[in-house]
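Asker: Residue-level listing of the chains:
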Amino acid sequence: MVTKKARVIHSRVGPLHVEQERLILFPKGLLGFETQRDFALVRLQEDSAFFLLQSCTDPQLGLMVADPYVYLPDYRIKISTAEQELLRLKTIREAVVLVTVTIPPGKPEDAVLNLVGPLVVNIRLRRGLQIPQNQLRHPPRLHLAGDRPEDESLPCKRQ
Amino acid sequence: MLILTRKAGESLYLGDTIKVTVLKVQGNQVKLGFDIPEELTVYREEVYLRIKEENLMAAQATKQDFFMATELWSRKKHE
Numbered sequence: 000m001v002t003k004k005a006r007v008i009h010s011r012v013g014p015l016h017v018e019q020e021r022l023i024l025f026p027k028g029l030l031g032f033e034t035q036r037d038f039a040l041v042r043l044q045e046d047s048a049f050f051l052l053q054s055c056t057d058p059q060l061g062l063m064v065a066d067p068y069v070y071l072p073d074y075r076i077k078i079s080t081a082e083q084e085l086l087r088l089k090t091i092r093e094a095v096v097l098v099t100v101t102i103p104p105g106k107p108e109d110a111v112l113n114l115v116g117p118l119v120v121n122i123r124l125r126r127g128l129q130i131p132q133n134q135l136r137h138p139p140r141l142h143l144a145g146d147r148p149e150d151e152s153l154p155c156k157r158q
Numbered sequence: 000m001l002i003l004t005r006k007a008g009e010s011l012y013l014g015d016t017i018k019v020t021v022l023k024v025q026g027n028q029v030k031l032g033f034d035i036p037e038e039l040t041v042y043r044e045e046v047y048l049r050i051k052e053e054n055l056m057a058a059q060a061t062k063q064d065f066f067m068a069t070e071l072w073s074r075k076k077h078e
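In order, the protein sequences belong to chains A and B.
Its first residue numbered 0, the first sequence is counted upward by one per residue in numbering that gives the first Met the number 0.
Its first residue numbered 0, the second sequence is counted upward by one per residue in numbering that gives the first Met the number 0.
No lab work stands behind these hints, which were simulated from the structure alone.
Computed from a predicted model, the values in this text were never measured in an experiment.
All C-beta atoms in this analysis are idealised placements derived from N, C-alpha and C, irrespective of residue type, glycine included.
Heads up, some of the hints might be wrong.
Only some residues are given here: those of chain A computed to face chain B with a beta carbon under 8 Å [as the list claims (entries may be wrong)]:
| id | residue |
| --- | --- |
| 1 | LEU30 |
| 2 | ALA48 |
| 3 | LEU62 |
| 4 | MET63 |
| 5 | THR80 |
| 6 | ALA81 |
| 7 | GLU84 |
| 8 | THR101 |
| 9 | PRO107 |
| 10 | LEU143 |
Restraint ranges, calculated between C-beta atoms of paired labels, are given here [said to hold, decoys possible]:
| id | chain 1 | residue 1 | chain 2 | residue 2 | range |
| --- | --- | --- | --- | --- | --- |
| 11 | A | ASP37 | B | TYR47 | 19 to 27 Å |
| 12 | A | PRO103 | B | VAL29 | 33 to 41 Å |
| 13 | A | GLN134 | B | ASN27 | 16 to 24 Å |
| 14 | A | LEU124 | B | LYS23 | 38 to 46 Å |
| 15 | A | PRO103 | B | GLU9 | 45 to 53 Å |
| 16 | A | GLU18 | B | LEU55 | 22 to 30 Å |
| 17 | B | GLN25 | A | ILE91 | 33 to 41 Å |
| 18 | B | ASP34 | A | LYS89 | 25 to 33 Å |
Build the full structure now, drawing on both the sequences and the hints.
Answerer: Below, the structure written as structure tokens:
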């Protein structure tokens, strides 16, 4: 039975049935897409850390995003008081963090996680905000394939 | 663009609530201090532009690369 709360969204990968609880309001849009406020967060494949963040109003606009903690467990970001208020965050447990993914054309194996502009979502209220990080403890990007050959910009781990 | 000249130690107000002070001028660097309301966010322009660019790139991946990457990196995760 299709629940009455599901909604069909025209996405860049075709029509999708999206449940209400997967819809997120970005009151300030995303950087570069400030006029787009309503998005759906869709998992393209079961068990994957990758998602499609699809605009509900522009079928052409869908960004690839990922859960950074699967690949970078110690990823830390800073959320200012102003941003916490915009997100109406009561506790940090309400916050889910995603990062955008860049895929060089034709080279999905060279996918990169962008760490400077995380998307923080209040899961209780389904309210999202992209939060630029003025200071970051990590290199700005994580090459997923680069876990064996050490990225030259990674901080040296030896004591 | 409004252009004002200030010396180190001098301030200016943007509206009633935002105070910008020139703290120090050294060579080609200016150190600025901001007294701003808590609800205001301040970002460095280059960070802002970088994220804008990254968002555009994340939205440009082809449908095929999208699915290939999902497939590929989901498998990797479980290995």
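Asker: Hints first: check each against the structure and report whether it holds.
Answerer: Against the structure, the hints:
no.	hint	in the structure
1	LEU30	holds, 4 Å
2	ALA48	holds, 6 Å
3	LEU62	holds, 4 Å
4	MET63	holds, 5 Å
5	THR80	holds, 5 Å
6	ALA81	holds, 5 Å
7	GLU84	holds, 6 Å
8	THR101	holds, 5 Å
9	PRO107	holds, 4 Å
10	LEU143	holds, 6 Å
11	ASP37(A) - TYR47(B): 19 to 27 Å	holds, 23 Å
12	PRO103(A) - VAL29(B): 33 to 41 Å	holds, 38 Å
13	GLN134(A) - ASN27(B): 16 to 24 Å	holds, 22 Å
14	LEU124(A) - LYS23(B): 38 to 46 Å	holds, 42 Å
15	PRO103(A) - GLU9(B): 45 to 53 Å	holds, 48 Å
16	GLU18(A) - LEU55(B): 22 to 30 Å	holds, 28 Å
17	GLN25(B) - ILE91(A): 33 to 41 Å	holds, 39 Å
18	ASP34(B) - LYS89(A): 25 to 33 Å	holds, 28 Å
Of the hints listed earlier, there is not a single one the structure fails to meet.
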